[in-house]
Amino acid sequence: VRANGNSIFIFEAAGLCIGHLGHLHHMPDDAQFAAIGRLDVVMAAVDGGITLDTGSMIEVMQRLKARVVIPMHWFGRDALGRFLTGMAGEFDVVDTGLREITLSLHRLPARPQVVVLEPGRLD
485 VRANGNSIFI FEAAGLCIGH LGHLHHMPDD AQFAAIGRLD VVMAAVDGGI TLDTGSMIEV
545 MQRLKARVVI PMHWFGRDAL GRFLTGMAGE FDVVDTGLRE ITLSLHRLPA RPQVVVLEPG
605 RLD
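Residue numbers (this note's numbering): 485 to 607.
Incorrect hints may have been included.
[Unchecked claim] Label-pair ranges, simulated between beta-carbon atoms:
#1 Gln-516 / Gly-581: 30 to 40 Å
#2 Ser-588 / Asp-562: 10 to 20 Å
#3 Phe-493 / Phe-559: 29 to 39 Å
#4 Leu-589 / Ala-518: 18 to 28 Å
#5 Asp-513 / Glu-584: 32 to 42 Å
#6 Asp-562 / Met-511: 18 to 28 Å
#7 His-510 / Lys-549: 14 to 24 Å
#8 Phe-493 / Glu-584: 11 to 21 Å
#9 Gly-499 / Asp-537: 14 to 24 Å
#10 Thr-580 / Ala-515: 30 to 40 Å
#11 His-507 / Arg-547: 15 to 25 Å
#12 Asp-513 / Ile-585: 11 to 21 Å
#13 Glu-543 / Arg-595: 18 to 28 Å
#14 Gly-573 / Asp-537: 12 to 22 Å
Keep in mind the hints are simulated off the structure, nothing from the lab.
Quick caveat: nothing in here was measured; it's all calculated off a predicted structure.
Built from N, CA and C at the ideal position, the CB exists for glycine as well.
Kindly generate the complete structure, drawing on both the sequences and the hints.
Put into structure tokens, the structure is as follows:
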């Protein structure tokens, strides 16, 4: 295990390519972006604390160009708000008020979206 190491998990289900970026600590290089490939849905930690700072995470999301971005690990509305503000230009922001959503390849949004889910608990 390396200090600040990270694992990125990529799943394919029902034709959807879903990426979980883990606790991303660094900006991926070109080879790493190529290895990640096309993602329909990406889950990204946006707390900006133990992970990439908010601005860098926004850059990663813009480069990945996933149709759905699900912010994770935001632990408070301030961190989430900073991320949403930075994403609002190129992505529509949808605050669902829900804890879960159902996605399918044929129901992906035409314009990229940040989809906010309610956490099970918020400290």
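(message) Assuming the hint says 15 to 25 Å, is it satisfied by the Cβ distance from His-507 to Arg-547 or not?
(response) Holds - the Cβ-Cβ distance for His-507 and Arg-547, about 18 Å, lies within 15 to 25 Å.
(request) Determine whether the Cβ-Cβ distance between Phe-493 and Glu-584 falls within the hinted range of 11 to 21 Å. (result) holds, 19 Å
(request) Kindly confirm whether 12 to 22 Å is satisfied by the beta carbon distance between Gly-573 and Asp-537. (result) holds, 18 Å
(message) Quick check on a hinted range of 30 to 40 Å for Thr-580 and Ala-515, using CB atoms only.
(response) holds, 35 Å
(request) Go ahead and decide if the range 18 to 28 Å is satisfied by the Cβ distance of Leu-589 to Ala-518. (result) With a Cβ separation near 22 Å, Leu-589 and Ala-518 satisfy 18 to 28 Å, so the hint holds.
(request) Please test the hint of 29 to 39 Å on the beta carbon pair from Phe-493 and Phe-559. (result) At roughly 21 Å between Cβ atoms, Phe-559 and Phe-493 fall outside 29 to 39 Å, so the hint is violated.
(request) State, for the Cβ atoms of Ser-588 and Asp-562, whether the hinted interval 10 to 20 Å holds or is violated. (result) violated, 33 Å
(message) Tell me if the beta carbons of Asp-562 and Met-511 are separated by a distance inside 18 to 28 Å.
(response) holds, 23 Å
(request) Return holds or violated for the Cβ distance of Glu-543 and Arg-595 against the range 18 to 28 Å. (result) Since Glu-543 and Arg-595 have Cβ atoms about 19 Å apart, the given range 18 to 28 Å holds.
(message) Within 32 to 42 Å: is that where the Cβ-Cβ distance between Asp-513 and Glu-584 falls?
(response) holds, 34 Å
(request) With 30 to 40 Å as the target window, see if Gln-516 and Gly-581 comply at their CB atoms. (result) Given a distance of about 34 Å, which is inside 30 to 40 Å, the answer is holds.
(message) Does the beta carbon distance between Gly-499 and Asp-537 stay inside 14 to 24 Å, or does it fall outside?
(response) The hinted range 14 to 24 Å is violated for Gly-499 and Asp-537, with Cβ atoms some 33 Å apart.
Taken one by one, the earlier hints fail for this structure at numbers 2, 3, 9, 12, listed in ascending order.
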